[in-house]
Structure formats: structure tokens, C-alpha cells
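Chemist: These are the residues of each chain, in order.
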Amino acid sequence: MTILFIILEGGHYTLQDQEQKFEAQNYDNKAAEAQGIEGIMRDPVTRREFMSRLSAAGLGAVAMPLLAGCGGNKTSSGKYSNAAFPGIVGRNAIEVVLNYALTLELAEADLYRQSLNRAAGRVSTESLDTRLPLPGQLGQYTLTIATGGLDSASAKAAFLYLLQFAYIEATHRDFLTSILAGLNAPIAQANLRGYQYPNNEPGADLKTILANLYPVEETGVRAYLGAVPALVNDTNNHIAQIATALYSTEARHSATLAYYLGKDAGPGLGLGTTTDLTVTGTAYPHSNTFEYFSQPADVLAKLTATYFIK
Amino acid sequence: MSDVHDPAVSGWSGLARGAAVTATVTAATLLFPTKANALSLTYASSVPGTGDIKVLNYALALEDFEAALYQAALAALPALGVASGNAFYNYVLEFSQVELDHATFLRSALTSAGGPVISHFTYDFSIITKATSPRSILELLLQVEATGVRAYLGAIPLFSQGSKYLQTAAAIQATEARHTSILTILRNVLYQTATDVAPLTADNNLTGKFTNASFQYENYSPTGYNISKPNEGVAGIDANLQPDTVLAAIGPFFVAPVAT
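Chains as they are written, first to last, in my numbering: chain L, 1 to 310; chain P, 1001 to 1260.
Treat the hints with caution; some may be incorrect.
Said to hold, decoys possible - Computed footprint of chain L on chain P, listed as stretches where at least three residues anywhere in the stretch have a Cβ under 8 Å from a Cβ of chain L:
1. 1085-1097
2. 1155-1169
3. 1187-1197
Hints were generated in silico from the structure; no laboratory data involved. For every residue, glycine included, the Cβ atom is placed at its ideal position computed from N, Cα and C.
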């Protein structure tokens, strides 16, 4: 069973070459799998047995609570250093994390803009229309591209979400910028030459457009979660709260894209472009129990390599 | 198209009709059913422990409730024509497993941390067991998940500053967000509603206002957007709810603690 394979691997499950295998699993397989594990987890006797088998296998981490995860780039004092966020400006941890988030949102906003333009028959360089659509409305946009196999109701819904998400990511970018401005902090700038999808193609049909957005969103989710431990001197955890509120919507976006792509709602291993780390150290007890996270250096390297025009 | 809704279930008033689960969220817009003589749950008196342990117990109370709710839904749906193989059922099955995982994990974590650990509760899910339409079950699940999303966000400031539990709590929180979006899509697809799957801009309620002067930000107005007030739901982010608001909303489902 796949889940046992994951657990018995132990440690951190890096999944680059497993990505195709995972994506090949359709939802029916996952549901069937779930039923097996579900049966174990529901029955208290077999659940205890299951836990102790894991412990006996040296995977005490699975049964132990709330490990701090994989550590990562912490210094010996337990604090993140700016070195963990290469190239990100900021005078302190909070500013660095906010600028890291902004760096991601700058890329996401632009990639969404390009995806929306592609789906709506606009040239790639057109700005996001500043006339904000009303809820449920398409504003100035019309779906013109082929659906790529989506039925017409799904295509209509998916296009609306694509449009909404494009505006939301732009708003996230502006929101983070406003917070940094309020702090008189240095503010991350967009990549000088801009961003583009591989081969400068957001997607030749709507479904492909969504498929190309999916790793962008998933990376964003993992990036935010990976940055949480870096927040120090965060009064009342306010910045952590804001960051989590942002990442919460990225997770919603990802699940929405997944729905129209016929994928599981996630979270899942190997669906992003960076190494998947877990808060407990393993994919416990199922691959979709907790969100995964990635380290900032990994994210930034992958982000720049994949989407930044050099 | 008129709403399909069940006749009132004895003892309960109203049904979860989460009309706009991403719109401005206040206590008044939490569309939970109410019940006379419901247990009164508060963060101060109903959640054991102090500091981080208390917050984790709050999370556990929510997850235990969600896990039990999902089990009740799974049991009730087949008789209403929604069974294994049906997309709605399959998602409910998957999410039920995740919520159970969360509850199991938190309980184990609290036990290992030395407790105290909130007791299990028995619940009144007659709204589920007596449902005559799958829609009412979907509505309640959706409302609960949407509330969980915001409950976790509201709990973040209650953790100790820079708590080691923050990342784990956040790792749970976003799964609730995914569930909320999926259930919203299902509702839109099955019942022709048109609910947003994620907070739109100018569409949520940031209750955690910055009070530290250095965090104040002015009316930032990016080109083309007209933001009239700071902190007034302009950011397209999920809102947060205070524990007492959440506990008051879900309290009616709680019957009694299970003696250990």
C-alpha cells in the first residue's frame, strides 16, 4: 500500500521522481486506499496496534507529538537568519518574511495575469483590468480559449475562479506592499525582466492553463508554511496570523484548481516544485493530513529558475 | 430557485444555510442552527489548560466535533441516495479521515505534553440523522469547515509568541480551507448556488487589527482599487473568529462530556 511505503521510507519524503506516480493516482484509487487506512484508524484496537507497529519500526516520530519538523536553516540559537532567505530584503525577521511572501505574490500575480489574458484572448502584456468585477461577474473578461475537455459548466465556473484568483493575487501583492510600507521597510521589487511560463505559454486551452497554475499555487502554500518558524519578535503572532490568512486562500485556490483538474484536493506529496517537508517529519498518518512546507532557499531557487525572465 | 430545506428537527431552530461563507464574517453571519438549553461553551471555562496547551485543547474540541460530525454524515448519506462512488460522498469520506487524523494527533500531542486534555463529548447530530435531503448535510459540513478555517486563524494570537506549535496549527488550518472550497464547489455544482470559493477582495473582515503603531498602514490605494478604509476586508484573505464566537456557534451540538 502506498501509504506504508511512504512511512517506511522514514524521514523526509522527497518526491520529485514520484510526482508522476502520485499524479497517476486518480481519485478512486485514493478513496479505496483511504477506506483501508480509515478502517484501521477508526477501530481503537487496530489503531493502537498500528501506532505501536510504527513505533517498533523506529518511527517514533509518527507517534510523537508536534516535532518541530525538519529544522532546516535554523541557527544554533533556533532563530532563522536572513541567509535562509537568499536575496530577500528586510531589516529583521518580520520584514524578511513579508518580503519573501511579497516576492512570491509578485510572481503569482503576474503569472495569473498572463493566464487570464491567455484564457480571455488578450495579449500577454496587457495589465489586469483595473475595473474590479463584482462578485460572480466577469467584469471586462470573456472566456475565448478552448476548454481543453472541461464541460461547459465547469469551464464557465473555472474561468470565473481564474479571474477572481487573478484579482486576489494582485490584492495580496498590494496588501503585503502596504504592510511593508507602513513599517517603512525595504520593499521587494518585481523581477526586472518580468515573469513567464516555460516556453512563454500559460496554456493552449483552459484546462492546461489551470494545470500550469496549480504548481504555482502549491508552491505558494508550501512557501508560506515554511516561513512561519522564521517569524521572531512577532507581537501577538500578528504577522503569523496574516501570513496564515494569506496562505489559507492559496490552499483554497489550489483545491479549486485541483477539482477542475480531476486531482485530489490535496495537500499531497510532490505536487509542488520544491521538496515537501512535513511538520511531523513523515507523511503522517495520511498524505493529506497536514500541509507540506518547503524551505525558502528551495522555493526561491525553483521560482527563479522556472518563472523569472533572466 | 427556491432553497431546498428540511422541516425543522425537534428541538432545533433553523438549518445551516451558509449563504456566503467567504463574505464578511461576524458572529451574526455564522449561520448555525440554534437550540434551546444548549451547552454554553466558553474558552475560559470549557477548555482546559493554560497557554499553548489551552489553545491546543480548543483545536482538539473543534477537531473531535468535526470528526464526529463527519462520521454522522457518512452514516446518514447513503439512505439519502449519496453513497460510495458519488463524488460528494467520496469527498466526505476523505475529509472525515483527515479530521479524525487531526483529532487523534492533537489528543496524542496533548497527552504526551502532559495534558490536561479536553474530554470527548457526546453530540446531538439529529439534524444529520433526521435530514431528509443531502443538501442540509452539505450545508452543515460546509458551515463547520468554513468556521474551522477562521477558528484556527483566530487562535493564532493565543499561542505564545513564536510558539513551536504555530507551524503545526497552520498545517492543519489550510486543510480546512481546502475542504471549505471543495464543499463550496460541490454546493455550487449540485444546488446551483454561486458562492465564492475563496475570499474576494474587499470581501472579508479582518478582526485582528494592528494596534502596534509601527504596524499601522495607511489607506494604500494601488492603481484602480478604491480602498476606503484600512483593515476593512480589502486583502482577499481569510477572516478570523474569536474562540467564544466559535464555541457559541457549535455549542448547541455538544451534549455532555464523556466520563473517562
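Chemist: Do three or more residues from the region 1155-1169 of chain P put their C-beta atoms closer than 8 Å to C-beta atoms of chain L?
Modeler: holds (count 11)
Chemist: If you look at each residue in the region 1085-1097 of chain P, do at least three have a Cβ nearer than 8 Å to any Cβ of chain L?
Modeler: With 6 residues in contact (Cβ-Cβ under 8 Å with chain L), the coverage given for the region 1085-1097 of chain P holds.
Chemist: Can you confirm whether chain L covers the region 1187-1197 of chain P, using C-beta to C-beta distances below 8 Å and requiring at least three such residues?
Modeler: Satisfied; 5 residues make the cut.
In this structure, every one of the numbered hints holds.
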